[in-house]
Amino acid sequence: MYGLENISAHNGWAISLVGITIVFTGLTLLSLTIAQLHKILDLWENKDKYINNRNHKTLTSTPADVAPQPGMPAENLEDIHQYKLIVDRLEQPFSLPKLLDIAVKIGLERPHSTINKLLVKKIIVSDGKGYFIWKLQF
Amino acid sequence: MPASLELLRSIELFSTFTQEELEKIAPLVNPMKVMEGEILAGRGYRARTFFIVIKGNFMLSFENGKAITLHNKGDIMGWSTLVAPFQYRGTVIALTKGEVLTLPGQEFYLLLQSESVLSSKIMDEINSIIASRTPYHEA
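Chains as they are written, first to last, in this note's numbering: chain A, 1 to 138; chain B, 139 to 277.
Just chain A, with the same shape it has in the complex:
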């Protein structure tokens, strides 16, 4: 027997199928692992921050000095707190580009979008002269 008959007689097709399945499963698992690797590395590099956040959340669900805004999701309260800390260190009324610049430099997550949310929620409002005012009272 030669060729295809020989392959069929010795379970060649089934063996090939199993081989292909094993290789593709392996490659899929490998690609999924690599795709998620950044999260593991991020967790490893910032393990102190995660541990602190976890401890902080068990003590209090929101930053102590931030009053919840009606309609403001809880996850934004941390953002408000961080931006308020920056604004407190700027001259009042403050420069919006400067706030954005600092937020970018210190690596806050999605600073453009967060500042936009603060503007939309009217936590930050224009003074009408090109500078901005923090409106939310604590």
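Think of the hints as simulated: they come from the structure by calculation, not from any bench. Incorrect hints may have been included.
[Stated by the list, open to error] To give an idea of the chain A side of the interface with chain B (calculated C-beta under 10 angstroms), a few residues:
(1) Leu30
(2) Thr33
(3) Phe94
(4) Leu96
(5) Lys98
(6) Gly107
(7) Arg110
(8) Pro111
(9) His112
(10) Ser113
(11) Ile115
(12) Ser126
(13) Lys129
For every residue, glycine included, the Cβ atom is placed at its ideal position computed from N, Cα and C.
Position chain B relative to chain A; hints supplied.
Chain B alone, transformed into the frame defined by chain A:
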């Protein structure tokens, strides 16, 4: 792909344009998607593109630290493409993802040079915008 006449007609800047005028300007106008944090124009750089907001929120900042935010459909950015010395006076950053219409500055300028009626309509609007924004970029 150039913007549709329907879309142009919905923009305040072109609202007084006739069908013929819209057809002249339409080939120059292209929609462009914008990513959050994208810089559309840099202060001091040669003004090459004129922008019209379709959707999204934008911050226009000036050298003195002042800024205005633009979020309305039809808001204009990059009028410096039409006025000497053809350098952007401010920096435009997208605060959210959005969409703008772009017009190549030089071609837009040449079209306005050759079409006096069109130029008059556009420049009336541009002049009112320049007047409203001048206090922001002055020290």
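Here is what the structure says about each hint:
The beta carbon of Leu30 (chain A) comes no nearer than 30 angstroms to any beta carbon in chain B, farther than 10 angstroms, and the hint placing it at the interface is violated. The beta carbon of Thr33 (chain A) comes no nearer than 28 angstroms to any beta carbon in chain B, farther than 10 angstroms, and the hint placing it at the interface is violated. A hinted interface residue such as Phe94 (chain A) counts as satisfied when its beta carbon comes closer than 10 angstroms to some beta carbon of chain B; here the least separation is about 9 angstroms, so the hint holds. The interface hint given for Leu96 (chain A) holds, since its Cβ lies 4 angstroms from the closest Cβ of chain B, which is under the 10 angstroms cut-off.
The restraint placing Lys98 (chain A) at the interface with chain B holds, with a minimum CB-CB distance near 6 angstroms, inside the 10 angstroms limit. Violation of the interface hint for Gly107 (chain A) is found here, the shortest Cβ-Cβ separation to chain B being roughly 13 angstroms, above the 10 angstroms cut-off. Interface hint status for Arg110 (chain A): upheld, as the beta-carbon distance to the closest one in chain B is roughly 7 angstroms, under 10 angstroms. The restraint placing Pro111 (chain A) at the interface with chain B holds, with a minimum CB-CB distance near 8 angstroms, inside the 10 angstroms limit.
The beta carbon of His112 (chain A) comes within 5 angstroms of a beta carbon in chain B, closer than 10 angstroms, and the hint placing it at the interface holds. Look at Ser113 (chain A): its Cβ gets to within about 5 angstroms of chain B, closer than 10 angstroms, so that hint holds up. A least Cβ separation of about 6 angstroms between Ile115 (chain A) and chain B falls short of the 10 angstroms threshold, and the interface hint therefore holds. Because the smallest distance between the Cβ of Ser126 (chain A) and any Cβ of chain B comes to about 7 angstroms, under 10 angstroms, the interface hint for this residue holds.
Taking 10 angstroms as the C-beta contact cut-off toward chain B, the hint placing Lys129 (chain A) at the interface holds, the least distance being around 7 angstroms.
Checked against the numbered hints above, the structure violates hints 1, 2 and 6; every other hint is satisfied.
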